[in-house]
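Peer 1: One-letter residues, chain by chain:
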Amino acid sequence: MGIASIVFILLVGAASWLFARNIMRVRRNILLGKDEVINDRPGERWAVMTRVALGQSKMVVRPIAGFLHIIVYAGFVIINIEVLEIIIDGIFGTHRVLSFLGGFYDFLIGSFEWLALGVWVACVVFLVRRNGIKLKRFVQKELDGWPKSDANLILFTEIALMSAFLLMNAADWTLQQRGDEHYIAAGAFPVSSAVAGLFSFSAISSGTLIAIERTCWWFHIIGILAFLNYLPYSKHLHILLAFPNTWYSKLKPKTEIGNMERVTGEVKSMLDPSIAPPEMAAPRMVVGHEVTDRFGAKDVFDLSWKSLMDAYSCTECGRCTSECPANLTGKLLSPRKIMMDTRDRVEEVGKAIDAKGKWEDDGKSLHTRITEEELWACTTCNACTQACPVNIDPVNIIMEMRRYLVMEESKTRPALTGMFNNVENNGAPWAFGPDKRLDWTQQ
Amino acid sequence: MEQLQIRTMAEFAATGEVPEVLFWVGCAGSFDDRAKKITKAFVRILNAAKVKFAILGQEETCTGDPARRAGNEFLFQMQALQNVTVLNGYGVKRIVTACPHCFNTLKNEYPALGGTYEVLHHTQFINALMKEGRIKVEGGSFKGKRITFHDPCYLGRGNNEYEAPREVLLKLDAALVELKRSKQNGLCCGAGGAQMFKEAEPGTREVNIERSEEALGVEPNVIAAGCPFCNTMLTDGVKHFNKEGEVKVMDIAEMIATANDL
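If you read the protein sequences in the order shown, they are chains A and B. Here the first sequence is numbered in the numbering used here, starting from 17 and rising by one per residue. Here the second sequence is numbered in the numbering used here, starting from 7 and rising by one per residue.
Just so you know, these hints were derived from the structure itself, not from any lab. Beta carbons are placed, not taken as given, at the ideal position from N, Cα and C, and that holds for glycine. Possibly wrong hints are sitting among the right ones.
[Said to hold, decoys possible] Not the full set, but computed from the structure, chain A residues with beta-carbon under 8 Å of chain B:
{"#": "1", "residue": "V28"}
{"#": "2", "residue": "I273"}
{"#": "3", "residue": "N275"}
{"#": "4", "residue": "L344"}
{"#": "5", "residue": "A368"}
{"#": "6", "residue": "A371"}
{"#": "7", "residue": "A393"}
{"#": "8", "residue": "A399"}
{"#": "9", "residue": "E440"}
[Claimed, not checked] Dumping the calculated SDA-like pairs for lysine to any residue here, alpha-carbon to alpha-carbon at most 25 Å:
{"#": "10", "chain 1": "A", "residue 1": "K284", "chain 2": "A", "residue 2": "E425"}
{"#": "11", "chain 1": "B", "residue 1": "K43", "chain 2": "A", "residue 2": "D455"}
{"#": "12", "chain 1": "B", "residue 1": "K99", "chain 2": "A", "residue 2": "T280"}
{"#": "13", "chain 1": "A", "residue 1": "K372", "chain 2": "A", "residue 2": "E389"}
{"#": "14", "chain 1": "A", "residue 1": "K268", "chain 2": "B", "residue 2": "A118"}
{"#": "15", "chain 1": "A", "residue 1": "K74", "chain 2": "B", "residue 2": "Y168"}
{"#": "16", "chain 1": "B", "residue 1": "K149", "chain 2": "B", "residue 2": "L185"}
{"#": "17", "chain 1": "B", "residue 1": "K186", "chain 2": "A", "residue 2": "K284"}
Could you put the whole structure together from the sequences, leaning on the hints where they help?
Peer 2: Put into structure tokens, the structure is as follows:
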């Protein structure tokens, strides 16, 4: 086994270990949320996942972006078959080990090339759309700073990876043409042969071409391993979490709000004194920290784990925000920002836990990032949940945070206090008593 | 004064009769001057179709929808549990309501509190009456008019009902013109989530103005609504553009009642 093979094995091993560690960290962070059992209607769940994540059904609602996204998505999934060969070649020092597949191999390599070109073009278009055209949803202020760089970095990396892939093949193809003994004739190169022509590879010495081919090969695989480990820190994590996140989708009617069991117990006891009030739930232990059961959500611990998975699944495309009636009319609320803030907060909590080995109250919460003005702007119309290509539910977070404001902090909008009083005293949101309820029949 | 045939659940119970359906009038339908007209139009349809229906009358109280959406789960459940007790006490099985918010709450949120009923939106109910031949509709004054329908979020996106209101409207021999943002992509009127009962948060414009502008853009004679709150928001929006002379905002029940001279 050559030195290159050993270096390669060490690299793949280290990258896999690091990736597994990062994924476990994300999992731990998601599970900081409250328990919620989501396993009903499994058949429907598999169908939703297949349709929405695998089949990209909600992406194509916007045809141009959807089409380009499918190319990038298909490119990444399918070109990863090539990675399998790269790994075998890397370990054993072979070259194009799967070429014994013959005509089918030619077909595979040929289609990878077309896809690689497609991905390259799509990513360039995406870059222009993001930085040149200044589409509103890509220049809104929650994207300032890191989120904008994150998006561009992802696109540049994909372009670089695809370029390396095509240049590698171009050098390989040229060497194959020359009958170089290591570079056996295998594969079809519809795109890279043109790339070779474009850069006049035929005029370059075999030694240089081998250097180009090897450099691109290493760049491609190291790039992929690095990218893999970038995912857990990036919005790009959606490529993995889109699948579980759609499986755990809300299947109930969109406008149905879940019942708070504990409140039911208390209200039943208020309405009927013979019923004893429910006992206080025992505090939940989260990484050595007692989390008291409270009404609604103050912090990430009070949200369902599914809301935290939603936050990690968000790729900040902003389709939610661009459909949100509040945002469209200039209100502060942006459903995308709700998701980004939730992720930022859970990351902040996770980092503190990593540093100290346990959680200590830092005096901050979700409400430090998300203001009352944002929360009270929501009309619960569910345009955001409809628009989300991976079935994220920002409304649930907004509702849980409103519940905390109202029931734990008694903070609300003045007019809503009036409405509460009317409902409580008159059984109607307006100041009309039950004695007026039949007036319409007499008018 | 017109003669509406209305009996309460208590009156039915006193005679031992069982109504075909309970009409949940809702707070808007009971107290809001504009929505009361919708309520009466729907009752005229029920009367014309000889539907044996009951209302709860003074025993009806707010479903709790705005309280829940404004974060006050205690108040919501107080209302809901009282209503469930009344409904179950009368053995109610089937409910129809002209308010998508009551519809959503009764249909989806009461089962968790012990109240499980078949709940219909009035457009679904009217559609069924037509299909069963219990009422016939001819276009009448709407024949050849341009009508556009604003999907209420709580009926459409919320509960996936897009067809019933459209099927009813199509019976009017009118031209049904779709808004750019319709069905799953319908734009909210701005009233949902308890916004109806508060000032809008600061912004550049009101949601109902945005939506009304879009609706007026298709140059309709009538903007059809299926929710008392949407109706208010759109009526205000049309007034904002000084178009109330040319464009009417009407509930589908009112349109059917008008078409049939009820």
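Peer 1: Under the criterion that the straight-line Cα-Cα distance not exceed 25 Å, is the pair A/K268, B/A118 satisfied?
Peer 2: With a Cα-Cα distance of about 13 Å, the restraint between A/K268 and B/A118 holds, given a limit of 25 Å.
Peer 1: If you take the shortest Cβ to Cβ gap from A/N275 to chain B, is it below 8 Å?
Peer 2: Holds, because the Cβ-Cβ distance from A/N275 to chain B comes to roughly 4 Å (cut-off 8 Å).
Peer 1: Do the numbers back the hint for A/A393, that is, is its least Cβ distance to chain B under 8 Å?
Peer 2: Holds: closest Cβ of chain B sits about 4 Å from A/A393, inside 8 Å.
Peer 1: Does B/L185 lie within 25 Å of B/K149 when you go C-alpha to C-alpha?
Peer 2: holds, 20 Å
Peer 1: Hey, B/K43 versus A/D455, does the alpha-carbon distance stay inside 25 Å?
Peer 2: Holds, because 12 Å separates the two Cα atoms, which is no more than 25 Å.
Peer 1: Regarding the pair A/K74 and B/Y168, is the alpha-carbon distance no greater than 25 Å?
Peer 2: Holds, because 19 Å separates the two Cα atoms, which is no more than 25 Å.
Peer 1: Would you check the hint for A/K372 and A/E389, treating anything up to 25 Å between C-alpha atoms as holding?
Peer 2: violated, 34 Å
Peer 1: Taking the least C-beta to C-beta distance, is A/L344 closer than 8 Å to chain B?
Peer 2: This hint holds: A/L344 lies near chain B, its Cβ roughly 6 Å from the closest one there, short of 8 Å.
Peer 1: Does A/A368 pass the interface check with chain B, least Cβ-Cβ distance below 8 Å?
Peer 2: Cβ of A/A368 sits 28 Å from chain B, so the hint is violated.
Peer 1: Is the interface hint satisfied for A/V28? The criterion is a beta-carbon contact with chain B at less than 8 Å.
Peer 2: violated, 45 Å
Peer 1: Are A/E440 and chain B close enough, Cβ to Cβ, to be under 8 Å, as the hint says?
Peer 2: holds, 6 Å
Peer 1: Are the Cα atoms of A/K284 and A/E425 separated by 25 Å or less?
Peer 2: holds, 23 Å
In this structure, the earlier hints numbered 1, 5, 6, 13, 17 are contradicted, and the remaining ones agree with it.
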